[in-house]
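Heads up: the protein sequence lines correspond to chains A and B, in order.
Sequential numbering of the first sequence, starting at 1, is according to the working numbering.
Sequential numbering of the second sequence, starting at 1001, is according to the working numbering.
It is worth saying that the hints were derived from the structure and are not from the lab.
Take every hint as true, because none was put in to throw you off.
27 Å max Cα-Cα, derived BS3-like pairs, lysine-lysine:
hint, chain 1, residue 1, chain 2, residue 2
1, A, K284, A, K243
2, A, K105, A, K284
3, A, K243, A, K294
4, A, K428, B, K1110
5, A, K428, B, K1063
6, A, K105, A, K294
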Amino acid sequence: MDALASLAYGFSVALTPFNLLLALLGAALGTAVGALPGIGPINSIVLLLPLCFALGLPPESALILLAGIYYGSGYGGRISSILLNIPGDPGLVMTTLDGFPLAQKGRGAAALAISGIGSFVGGTLTVVLLTFLAVPLARIAVTFGPAEYVALMTLSFTLLATIGEARPAKTWAAIALGLLLAMVGIDGGSGIERFTFGSLELLGGIDFTTLTIGLFAVSEILVVAEGLRSGTVTSYSGGERLKWSEIRACIPAMLRATGLGFFLGILPATGAAVSSALAYTVEKRISDRGTFGKGDMRGLASPETADNAAQTASMVPMLALGIPGSGTTAVLLGALMMYSVTPGPLLFTQRPEIAWGLIASMYIGNVMLLVLNLPLVGLFARLLLVPYWILFPGILGLSFAGVYAATNSSFELVLAVLLGILAYVMRKVGFPLIPLLIAFVLARLFEDNLRRAMSLSDGNPAILFQSPVAVAIWLVALAVLLVPLIAPRLRKRVAHMVDSET
Amino acid sequence: MADGAIFDRISGVLVLLLGVGAVWHGLSLEVAFAADPVGPKAFPIIVGLILLVCGASIALRPKAMAWEVGDYGRILLVALSSLVYPFILLPLGFVPATAILGFLCALAFKGRPIPALFGSTIMAIVIFALIDLGLGLGLPRGPLGM
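With the hints as extra help, turn the sequences into a complete structure.
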């Protein structure tokens, strides 16, 4: 088996003591930032990037650490949902529905355990699927030329706009804004300045760290400052332990949720929020005997499993195609680009130590997370007791230190704050931020491929529609684009189905 | 139309203006040399047109939304202290500047003054020790040398 041999090679990379340590560090940090409000995996990955460079980590080790934070955060997020009834991000709303009632009934420990197991099942089964699917997908993608890439990226933007939670026009505006922000600076093909307005500082373009910290860290702190949410920690200790029969009862729910999460996670835009909502809804239809919403284990296991499955599945397009489907994979992709590693299908043949080392580390990381999370969950839960007046100034200070360390310029700090205020206003009026980030990361690739395709054809745009594969992708994109126009009710029905559960 | 639609009207018009600006900027670029037949002008124009269409669509078909009223004093405190921070960072050095930022934000997050002062000073020193001394990523050192 081709995949198994490659996986074995990957394990030889991931099992070195140093990389094991990094995976453990990533998993533990990920759980912590997932548990804490306000920081989240996107910010932590961006903040750790300059550290990876400073420590001279090779790209595969850096990616093992950063990815550990990513899937580790999927384990940590459930803690505040279950104990505080505060979902840290939209993907976790469903976790509160049955998780919090369980904690109120004094079974917080059992609830944390079953959701940890669910996260493990969802994460691990998806890594198995990823192992066998990534290479065939990459093999198809290797044949893609610039025209197919332009089509594929357009498709991923249309998916973001159509399936995403915000109104399509607003998502498109966010995508265009991301592309626009990425254009600031000197154009590689002609040496011309674009959107610099004569500013020397803008010549090099907007730094990736600056944009991400502004968009996510600063705006999040402003949102929290506006309306302080708080809750009291429900006791997690004591209570009846999780029984085998309860785990067994949840297995079918977990398997269904994994399948759902995997397929939704591969698509851009759908990600964790939609898949956990859909998994909960489906599970409720199948198994509800009037117990859902009152502390049913299956109602907790299902969205948690789907959440982690979708998170891991969104690595598939990132690794195989070089196109990220979620905010966090966009940041991981940005990290790879900073290491001047070209993401995409060739990664598997040209830099197998990165691709397979990462995949192998995800097996190891998930086991570590299960071990970390079952006995030590109390330790992570204690993080919730950190008062906000220490936590948020700390996050802000760390974020600014990270931006300065990455860019060495106080101008970038001003930019980060201004972007943060812009992002705060965008959030208030319903413009989504994740599509903006994805578009920002993809912009260079998008424009380069567009111009390369046109170079091949001497400026004739017909080349974009010549190969059958490109035509097929364009047609799908067109269909997706037109869905909200032709069937506005369909969107509403899906939205309603999801809403009615919250 | 409910008055909640005003937010979509304003944001739509802003997006539209941004699109017009991008198209205009793209058109006004003077290209002496480009390695490819498309050049650097096309992409800003395309993106600007998307913004234009989206902005028009949002402004012309606004949806009512409720503006959740929060505590603007706190936001203002956090936003202003963050905006001032880059300007005091180099003159004061990382630790004093970050301690001031942390102190003001801690007040915004309902910290009591004395603990907030101590907490933010310690926080600034810890970050400095971690990033500058520990990892060797240079942070600005002011007159205090830190």
